[in-house]
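Engineer: As a plain string of letters, each chain reads:
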Amino acid sequence: MTASPVSRKPLTFRINLAYFILVPASLIALLPFAWMILSSFKTLKEIRQIPPTFVPQEFTLDNYIKVLDDPDLPLGIFYRNSAIIAFANVIQVLFTSSLFGYIFAKFEFKGKRVLFWFILSLMMIPHQMTMIPGYLILARLGLINNLLGLIIPAAVDAFGIFLFRQFAQSIPNELLDAARVDGAGEFYIYRRIVLPQLGPALATFGMLTFMFNWNAYLWPLIVLTEKNVRTLPIILTWFSNQQVDKTNLTMAASVLVILPVLFVFLLVQKWIVEGITFSGLKG
Amino acid sequence: MTNATQTRWRRFFRGRDSAEKQFLAGTISPLVFYMAFWTVFPLLWGIALAFFNYSPRQTGGFLGFGEGNEFVGLQNFQNMFNFSPEAPLEVQQFHIGIRVTLLFAALIVPLNLLITLPLAFLIESINDKVKGIFRTIFFLPVLAPSVGVAIMWGFIFHPQRGLLNAVLGEFAGKLIGIAWLRDSSLTVWGIPVALFAIVVAYLWQDMGYNLIIFIAALQGIPQGIKDAARIDGANWLQMFARIVVPLLMPTILLAAVLTMISAFQVFDIVQVMTDGGPDDQTQVLLLNIYSYAFRYQKMGWAAAVSIVMFLLVFSISLVQTRLLRTEWEY
Amino acid sequence: MKRYLFVLVMASLLLSACGGGAATEAPVGGDEKATIRVWTHQNDSFNAGYEALAEKYKQAHPNVEIVFETFDYDTYIQTLQTALPAKTEADVLQMFGSWVCSYAEGGNLAEMPASVISLDDANTKLLGAPIGGYICDSKLYGVPQEFNIEYGAVLFNTRIAEEVGATNYTDGWANWDDVIEDGKKMAAVQDGVMTRAGLNFTGSDGIATMFHSVYLQYGGQYLKDGVYTVNTAEGVKTLELMKRLVDEGLVDPLLYNDEENWVGDSYFAETSAIGLVGPWAIPEYSGDYAEVAAVTIYQPLPSVGSEPTFAAASGWGLTVSANSKVQDAAWDFVNFVTLDAGNAVEWNLASGTLPALKENISGANADALVAEFPYFEPFLGILEHGQYEGQFPDRDFVWYEVAYPTVLNFLQGNATLEETLQTIESEVQGSFK
Numbered sequence: 001m002t003a004s005p006v007s008r009k010p011l012t013f014r015i016n017l018a019y020f021i022l023v024p025a026s027l028i029a030l031l032p033f034a035w036m037i038l039s040s041f042k043t044l045k046e047i048r049q050i051p052p053t054f055v056p057q058e059f060t061l062d063n064y065i066k067v068l069d070d071p072d073l074p075l076g077i078f079y080r081n082s083a084i085i086a087f088a089n090v091i092q093v094l095f096t097s098s099l100f101g102y103i104f105a106k107f108e109f110k111g112k113r114v115l116f117w118f119i120l121s122l123m124m125i126p127h128q129m130t131m132i133p134g135y136l137i138l139a140r141l142g143l144i145n146n147l148l149g150l151i152i153p154a155a156v157d158a159f160g161i162f163l164f165r166q167f168a169q170s171i172p173n174e175l176l177d178a179a180r181v182d183g184a185g186e187f188y189i190y191r192r193i194v195l196p197q198l199g200p201a202l203a204t205f206g207m208l209t210f211m212f213n214w215n216a217y218l219w220p221l222i223v224l225t226e227k228n229v230r231t232l233p234i235i236l237t238w239f240s241n242q243q244v245d246k247t248n249l250t251m252a253a254s255v256l257v258i259l260p261v262l263f264v265f266l267l268v269q270k271w272i273v274e275g276i277t278f279s280g281l282k283g
Numbered sequence: 001m002t003n004a005t006q007t008r009w010r011r012f013f014r015g016r017d018s019a020e021k022q023f024l025a026g027t028i029s030p031l032v033f034y035m036a037f038w039t040v041f042p043l044l045w046g047i048a049l050a051f052f053n054y055s056p057r058q059t060g061g062f063l064g065f066g067e068g069n070e071f072v073g074l075q076n077f078q079n080m081f082n083f084s085p086e087a088p089l090e091v092q093q094f095h096i097g098i099r100v101t102l103l104f105a106a107l108i109v110p111l112n113l114l115i116t117l118p119l120a121f122l123i124e125s126i127n128d129k130v131k132g133i134f135r136t137i138f139f140l141p142v143l144a145p146s147v148g149v150a151i152m153w154g155f156i157f158h159p160q161r162g163l164l165n166a167v168l169g170e171f172a173g174k175l176i177g178i179a180w181l182r183d184s185s186l187t188v189w190g191i192p193v194a195l196f197a198i199v200v201a202y203l204w205q206d207m208g209y210n211l212i213i214f215i216a217a218l219q220g221i222p223q224g225i226k227d228a229a230r231i232d233g234a235n236w237l238q239m240f241a242r243i244v245v246p247l248l249m250p251t252i253l254l255a256a257v258l259t260m261i262s263a264f265q266v267f268d269i270v271q272v273m274t275d276g277g278p279d280d281q282t283q284v285l286l287l288n289i290y291s292y293a294f295r296y297q298k299m300g301w302a303a304a305v306s307i308v309m310f311l312l313v314f315s316i317s318l319v320q321t322r323l324l325r326t327e328w329e330y
Numbered sequence: 001m002k003r004y005l006f007v008l009v010m011a012s013l014l015l016s017a018c019g020g021g022a023a024t025e026a027p028v029g030g031d032e033k034a035t036i037r038v039w040t041h042q043n044d045s046f047n048a049g050y051e052a053l054a055e056k057y058k059q060a061h062p063n064v065e066i067v068f069e070t071f072d073y074d075t076y077i078q079t080l081q082t083a084l085p086a087k088t089e090a091d092v093l094q095m096f097g098s099w100v101c102s103y104a105e106g107g108n109l110a111e112m113p114a115s116v117i118s119l120d121d122a123n124t125k126l127l128g129a130p131i132g133g134y135i136c137d138s139k140l141y142g143v144p145q146e147f148n149i150e151y152g153a154v155l156f157n158t159r160i161a162e163e164v165g166a167t168n169y170t171d172g173w174a175n176w177d178d179v180i181e182d183g184k185k186m187a188a189v190q191d192g193v194m195t196r197a198g199l200n201f202t203g204s205d206g207i208a209t210m211f212h213s214v215y216l217q218y219g220g221q222y223l224k225d226g227v228y229t230v231n232t233a234e235g236v237k238t239l240e241l242m243k244r245l246v247d248e249g250l251v252d253p254l255l256y257n258d259e260e261n262w263v264g265d266s267y268f269a270e271t272s273a274i275g276l277v278g279p280w281a282i283p284e285y286s287g288d289y290a291e292v293a294a295v296t297i298y299q300p301l302p303s304v305g306s307e308p309t310f311a312a313a314s315g316w317g318l319t320v321s322a323n324s325k326v327q328d329a330a331w332d333f334v335n336f337v338t339l340d341a342g343n344a345v346e347w348n349l350a351s352g353t354l355p356a357l358k359e360n361i362s363g364a365n366a367d368a369l370v371a372e373f374p375y376f377e378p379f380l381g382i383l384e385h386g387q388y389e390g391q392f393p394d395r396d397f398v399w400y401e402v403a404y405p406t407v408l409n410f411l412q413g414n415a416t417l418e419e420t421l422q423t424i425e426s427e428v429q430g431s432f433k
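Chains as they are written, first to last, in this note's numbering: chain P, 1 to 283; chain W, 1 to 330; chain E, 1 to 433.
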C-alpha cells in the first residue's frame, strides 16, 4: 500500500506538533545534566556562591585533573574492575533472562505459576534485609574482596525474566513448532530462532543491566573493601566527608562514571534502530 | 494429510514430549537450585529476623539468632498496631512511612505513564534520523548514578544557590529564597512540596525506562495497521487513542506494575536529597528500614517493616494484574 | 566465531579477576610478617595523620604491614555491621565514641589488655569526656584520639565583623546579649531572604549539643540513673535562649540547617558569619578557603551558668576487633598512635582536632598545637570542664533522630515549647529499654 497524497498532510502536521513538544521537553530533560557538566568545570568557590551561576565564570579543568591524578585513586584499576563485573553480569543475565523468559512464555510445567510469582516477588524485597545473610554466604565461600563475589550471585535477574517473558510471548508458535518438526533440538531452537527474535530486547536489557552494574554503589563497597578490587562509583563520594561536600569534584567524578555507560548506550542505540522488530514477521 | 506426514507428526509429538521434558529438567532444576541457595536462604533469614530483637553489633547464637539477639515472637508486628501518640518513635515513623510511600507511588505511576507513553509515541512518529537523538536525550537521565542525580537535584532546589530559585528570582525581579526541600509548612493540596520535589527528581531519572519499553513495543505494531489507519484519515490523536493504547495495553500494564514496584523501592534519591525530612514528610519506607536496620540497631523491627512492605507491594501488583487480567496475555 | 572469541576474552578476564582479589591472609604471630588491617572513615586530614604514623611505626617494626581501607560515613556503618556477623572486619577499627559500647557489649571488640594500659591509668591519662564512651561496664575497649567539641566556641569571621562594626567579641563575650548584638549585625538579608546567617548553630550536632550543654549550664542534669528528663524549668530556659537567637534574626532555620547550608560549608563560603562547629573543620576547609581561614578565630561562647560546662561526645578513636588474629600487634599499633604523647599530638596537628590526652593540653606539645592552630588556645583551658554527654543506649538516635529534628521544628515555628520538651523526653525515654 502506497501512501496517497492525502496522507501527507496529517503527517507533516503531526511532525511539526511533535517537535513543538519534544524540543522543550528535551531541554528540560537535559538541563540538570547541563548543570552537572558545567558544575564540573567550576571552582569550589563558584559552586558555593549566592546567587548561583549557570555557565562557569571561571572555567577550570582542575577538578578533572584532581580526580584523574589523585594518587589514592587508581582509576585504571577501578575502571577495569567495574568493566569485568559489568560484562560478566550482562552476559549471564542476558542468557538466563532470555532463556527462562522464553521458557515461562512458551512452556507449561508443574509449579510454573508458583515459580513465576516467586520470581516476580523477588523484585519487591528491600535489599537491606538480605544484605547480611548474603554477605555471610560470600564470606563462608571466601568470596569477600573477590570480584567473583559480585558475579556469581548475580546470574539471575527477576526483572529480566519478567521482561523477556513478555517479549517472548509474541514469538509465533508456528515458527517454533516448524523447527521441532524439522528435528531441531530445544537449545538449538533457543539459540537460532528465539534469540534473534529477541534482538531489540537483548540490546535494551543488556544495556540496562550494564548500567545497573556499572553504577552499583553500596553493595560493591561493602563486599570489596581492598583498594585493588574496588569499583568505579567509589569516586562519587570520595570527595565528600560526612558533611563536607565538594560538589564540583563530585560532578566531575560523576561525568567520569557516566562516560562509559553513555558510550555503551550509543553503541546499542544504533542496534535498536537497525534492529528487527520483535514481532518478527512483518505485515 | 498423507501417511508419511502423519507418521512424521506422530513421531514428532512423541519425541517432542521427552525432548521437551529433558530441556525443562535441564534448565529449571539448576535455576531452582541456584535460587534456593542465593535467594531463598537469605530471604528466609531476613524473614526470621522479624521475630527477633536483632542488631548486627550483638553476637548471637545459631546464624546470629538467640543469645544477644533475643527472640520476641510477634512483638514487632503487634507494635505496628499501636496508633497512640505515645507509641515509640519507630512505630510512628512506620505509619508515616506507609502513608508517604503509598502517596509517592500513587503520584509516580500515573505521572510517569502520562509522560512516557505520549513521549514514546511522539518520538516514534518523527523522522528516523532525528528519532535517535531524542531517544538518547530522554534516556540519558537513566544512565546517571543515583548519587549524582540526587546531588544535582538537591542543588537545583537549593534555597539560595539553586537553579529553580534563581530562575524564579529572574522573573520576580528579586531574590527568592524558598526552601523547597526543607520547609515543612509548604504543601499543595495537602501534599508536601518536598515530596513533589522528590517526585520530579525521580520522574526525571526514571522515565527513560518506560520510554524504551514503549518505543520497543510501538515498533512492534505492524506497519500495515498504521498505514491502514492513516489511509482512513485518522489524525494523530485518534491514532493514539484508538490504535496505540489498546494494542499496547499489555505493555502499559507491565510498565505500570514495574513502575509501581520500583517507586516503592525509592531510596537513594530520598536519602541524599532530604533524608526523610522535613519533619518526616518524605520518610519513605525503605529509608525507614535502612535507618532502623543500620543506624539505630533495630534490625528485627526493620525486617518486620520489610515484610509488611513486601506484602503491600505484592498485593497491589496482584490487584493491578487482576484489574486488567484479560489484556495480560495477548 | 566472533562470539566464541568474545566469550574466551571474557573468561580470561574473569580468571584474572580471581587473581585480582588478594585476600589478606591470617598472619602468624611473633617475628614473622604480620599484616594489620585498619578501617577508617573518609576524612582526608584524619587519614593523612594515620598514614604518617603508620610509616613511622613501620620503620620501627619492619616486619609489620599496615593496610588502610576507608569508607564514607554511611557506608562505614553498614560495612561494619555487615562484616561483623561474618567476622571479616579489619583488625583495627576506627570508631566514634558513642558507638563503642554497643559494639563492645555485643562481644565484637577486644578488651584493652592491662599490659597496654589499665582502666585506672586510662582515666588518669585521658580527659573525661573523650574516654567516657570507651568505657563500657567498667571495662576499657579502646582509646580516643580527639576531644570532640561541638559546643563551647564558634568560628568567627573577623573580616565581616569589621565590615559591619561588630565589636563585642574583641574582649570576649560576657553574656549572650553581647553575642546577639554582634550576630545581628553580621547577618545579611536581601528581599526578605537571609543571604548570610549571623550565627549558624542549626546543624544537627550544633543543635543537639547546644541543647544539652546549655541545659547543663542552667544546672540541670538530663541523664541520671538511666532516666532522661528535659521537661523542666532548665529545659524551658534552654529552648527560650535558642529561640531568641532565631527571633532576633541571627539565623533562619529554614535556610540554614543540617541539609542546607551546613555550617562548615556555609561558614567558609561566607554565607554564615559565625558558625557552631568543631575545630576539625578548619584544616578541612583551609586548603580551599585560605583567605577565610586567615581571618577566622575561635571565639568561646559565654556560659549561662557559673562554669563553662558543656556536653561533649566521646570522639573518634581506635579499637581492636575481638576476632582479630593479630590482636597483640594491633594493640601495639593503637598504643603507638594514641597513647604516646608525641604521636598523639602529631595526629591532632594533622587532623585539626583537640587532644584527648591530658599531657597534651599544656606544655610543649600544647604549644605546638597552638602554634599551628592559634584558635585552640582558649579551648585548651576549658577542656576539663567538658562533661561526657552520657551513656545512651543509642546516642546517635537521641541526637539525630530526636533532639535535632524536634528542636529544629520548634525553631522553625511549627511546635510549641512545651510540646517540644515533652516530645524529646518521651521519645528518648521510650528508646531506653
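Calculated from the structure, these hints are not laboratory results.
The model shown is predicted, which means the values in this text are computed figures rather than measured ones.
Mixed in with the good hints there might be a few duds.
[Said to hold, decoys possible] No more than 20 angstroms apart at the CA atoms, straight line, and that leaves these computed lysine to any residue pairs for SDA-like: (1) P/Lys112 to W/Thr27; (2) W/Lys21 to P/Val114; (3) P/Lys106 to W/Lys131; (4) W/Lys21 to P/Gly185; (5) W/Lys174 to P/Gln49; (6) E/Lys325 to E/Phe336; (7) P/Lys45 to E/Lys184; (8) E/Lys87 to E/Lys58; (9) E/Lys184 to E/Asn168; (10) E/Lys184 to E/Tyr218; (11) P/Lys106 to P/Asp182; (12) W/Lys174 to P/Phe54; (13) P/Lys112 to W/Lys129; (14) W/Lys131 to P/Tyr19; (15) W/Lys21 to P/Gly111; (16) E/Lys139 to E/Glu425; (17) P/Lys246 to E/Ser286; (18) W/Lys129 to P/Leu266; (19) P/Lys106 to W/Lys129.
[Unchecked claim] Per the computed footprint, the stretches of chain P lying under chain W, defined by three or more beta-carbons under 8 angstroms from a beta-carbon of chain W, are: (20) 137-144; (21) 192-198; (22) 203-214; (23) 256-263.
Where a beta carbon is used, it is the ideal one built from N, C-alpha and C, also for glycine.
Engineer: Would you mind marking each hint as holding or not holding in the structure?
Structural biologist: Evaluated hints:
1. P/Lys112 to W/Thr27: holds (13 angstroms)
2. W/Lys21 to P/Val114: holds (19 angstroms)
3. P/Lys106 to W/Lys131: violated (33 angstroms)
4. W/Lys21 to P/Gly185: With Cα atoms ~12 angstroms apart, W/Lys21 and P/Gly185 stay inside 20 angstroms; holds.
5. W/Lys174 to P/Gln49: holds (17 angstroms)
6. E/Lys325 to E/Phe336: Distance of about 19 angstroms is within 20 angstroms: holds.
7. P/Lys45 to E/Lys184: violated (25 angstroms)
8. E/Lys87 to E/Lys58: violated (26 angstroms)
9. E/Lys184 to E/Asn168: OK: E/Lys184 and E/Asn168 at ~12 angstroms, within 20 angstroms.
10. E/Lys184 to E/Tyr218: Cα-Cα ~24 angstroms, so violated.
11. P/Lys106 to P/Asp182: The given pair, whose Cα atoms are some 18 angstroms apart, holds under the 20 angstroms limit.
12. W/Lys174 to P/Phe54: Roughly 18 angstroms between the alpha carbons, so the hint for W/Lys174 and P/Phe54 holds.
13. P/Lys112 to W/Lys129: Judged against 20 angstroms, a Cα distance of about 43 angstroms means the pair is violated.
14. W/Lys131 to P/Tyr19: holds (11 angstroms)
15. W/Lys21 to P/Gly111: holds (14 angstroms)
16. E/Lys139 to E/Glu425: violated (29 angstroms)
17. P/Lys246 to E/Ser286: holds (13 angstroms)
18. W/Lys129 to P/Leu266: holds (14 angstroms)
19. P/Lys106 to W/Lys129: violated (36 angstroms)
20. 137-144: Coverage by chain W is violated for the segment 137-144 of chain P (1 residues, Cβ < 8 angstroms).
21. 192-198: It is violated, with 0 qualifying residues against the three required.
22. 203-214: It holds: at least three residues are needed, and the segment 203-214 of chain P offers 3 whose Cβ sits within less than 8 angstroms of chain W.
23. 256-263: With 4 residues closer than 8 angstroms to chain W, the segment 256-263 of chain P meets the three-residue bar; holds.
Checked against the numbered hints given earlier, this structure breaks hints 3, 7, 8, 10, 13, 16, 19, 20, 21; the rest are met.
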